[in-house]
Amino acid sequence: MTRPVVGIIGNQHLLNETYPAHAGGEMNTEAVACVSDCLPLLVAADPRFVSVEELMATCDGFLLTGGRPNVHPEEYGEEATEAHGAFDRARDAIVLPLVRACVERGQPFLGICRGFQEVNVAMGGSLYPEIRDLPGRMNHRMPPDGTLEERFALRHKVTLKEGGVFHRLFGAPEVMTNTLHGQGVKKPGARIEIEGFAPDGTPEALYVQGAPGFTLSVQWHPEWDAANDPVSRPLFTAFGDAVRDFAATRRAPQRISA
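Using full-length UniProt numbering, read the sequence shown as starting at 1 and increasing by one per residue.
I should point out that these hints are in silico values taken from the structure, not numbers from a laboratory.
Using N, Cα and C, we set each Cβ at its ideal position, and we do this for glycine too.
You may find that some hints are simply not true.
[What the hints assert, rightly or not] Okay, derived cross-link-like pairs now, DSBU-like style, lysine-lysine, Cα gap no bigger than 35 Å in a straight line:
hint, residue 1, residue 2
1, K161, K187
2, K187, K157
3, K161, K186
4, K157, K186
[Stated by the list, open to error] What follows is a list of derived Cβ distance ranges for each label pair:
hint, residue 1, residue 2, range
5, P143, A190, 46 to 52 Å
6, M138, L39, 36 to 42 Å
7, C34, E78, 38 to 44 Å
8, A101, C34, 34 to 40 Å
9, G210, G136, 28 to 34 Å
10, P188, H156, 16 to 22 Å
11, N16, P212, 20 to 26 Å
12, G164, T237, 14 to 20 Å
13, N16, E149, 22 to 28 Å
14, A23, G124, 37 to 43 Å
15, C34, E79, 41 to 47 Å
16, N16, V50, 23 to 29 Å
17, A172, A23, 18 to 24 Å
18, P199, E53, 39 to 45 Å
Produce the entire structure from the sequences given, and follow the hints as far as they go.
In structure tokens, the structure reads:
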């Protein structure tokens, strides 16, 4: 049997500072293919080329990836400042309605970093443009130097809600994670349940209350070493199971009443 399809949201890039491209990190592809056991399909997140309806018909689930551009603050009623950084309005135009449609339909998605923030904004929440500037907050950004191993190294613990979805999934009330982000959740959106926090109070794990499908999202980057990391592996495994269940349900033959 063919594996269910996971659409991996791509980001816009300029190769050699001149050639426009849609791209996705290989570690996302590896996590989906080897841990979730699904077929990875890179999505050109631009409404000129794809529609939400087409994506939902083609893919069984979605990986909402991280990315350097941030969600535009107009999406949560604020004006852009220099602190908000770069944007990708084409991705905003695809992913935000895609999240809402998946929540309504029960189609699974896993949000990572920017994807975590997209889920909050899609549900009516807002973001801080630069959390390291807030009183009492730590610097969650990627270290500017070092190897990939050093940049994606575990840097802080995340405390999980006792008995919550993430606690049950990981089998522990606290987990160690990496951290490579500048923005963070300011106001939670409607139905957003935050179940994980960094030591400085920054939200790190959430899901959409009452959604019929998988909506788990995390602020860190679990795609790094997903096959071996004790936190990443159960997250991508559970996501793959949810995608398979959804695919099996919608591909099952419909029974016709006499």
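Hints, one by one, checked against the model:
1. This hinted pair checks out: K161 and K187 have alpha carbons roughly 18 Å apart, not beyond 35 Å.
2. A C-alpha spacing of about 22 Å is found between K187 and K157, which places the hinted pair at or below 35 Å, so the restraint holds.
3. About 19 Å separates the Cα atoms of K161 and K186, which keeps this hinted pair within 35 Å; it holds.
4. Under the criterion of a C-alpha separation no larger than 35 Å, the hint pairing K157 with K186 is consistent with the structure, at around 20 Å.
5. The given range of 46 to 52 Å is broken by P143 and A190, whose C-beta atoms sit roughly 35 Å from each other.
6. At roughly 38 Å, the beta carbons of M138 and L39 sit within the given window of 36 to 42 Å.
7. For the pair C34 and E78, the supplied restraint of 38 to 44 Å holds, since their beta-carbon distance comes to about 39 Å.
8. In this structure, A101 and C34 break the distance hint of 34 to 40 Å, their C-beta atoms being roughly 28 Å apart.
9. Remark: the range hint 28 to 34 Å for G210 to G136 is upheld by a beta-carbon distance near 32 Å.
10. Between P188 and H156 the beta carbon distance is about 21 Å. The supplied range of 16 to 22 Å therefore holds.
11. At roughly 45 Å, the beta-carbon separation of N16 and P212 lies outside the given 20 to 26 Å, and the hint is violated.
12. Take G164 and T237: their Cβ atoms lie about 18 Å apart, and the range 14 to 20 Å holds.
13. For N16 and E149, the Cβ-Cβ distance of about 26 Å falls inside the hinted range of 22 to 28 Å, so the restraint holds.
14. Between A23 and G124, the C-beta spacing of about 30 Å breaks the proposed range 37 to 43 Å.
15. In this structure the hint that C34 and E79 lie 41 to 47 Å apart at CB holds, the actual value being about 43 Å.
16. Our hint of 23 to 29 Å for N16 and V50 holds, since their Cβ atoms are close to 25 Å apart.
17. Separation of A172 from A23 is about 34 Å and departs from the stated range, judged on CB atoms against 18 to 24 Å.
18. Distance hint for P199 and E53: a CB-CB separation of about 42 Å, consistent with the stated range 39 to 45 Å.
Violation of the numbered hints given earlier is confined to hints 5, 8, 11, 14 and 17; the remaining hints are satisfied by the structure.
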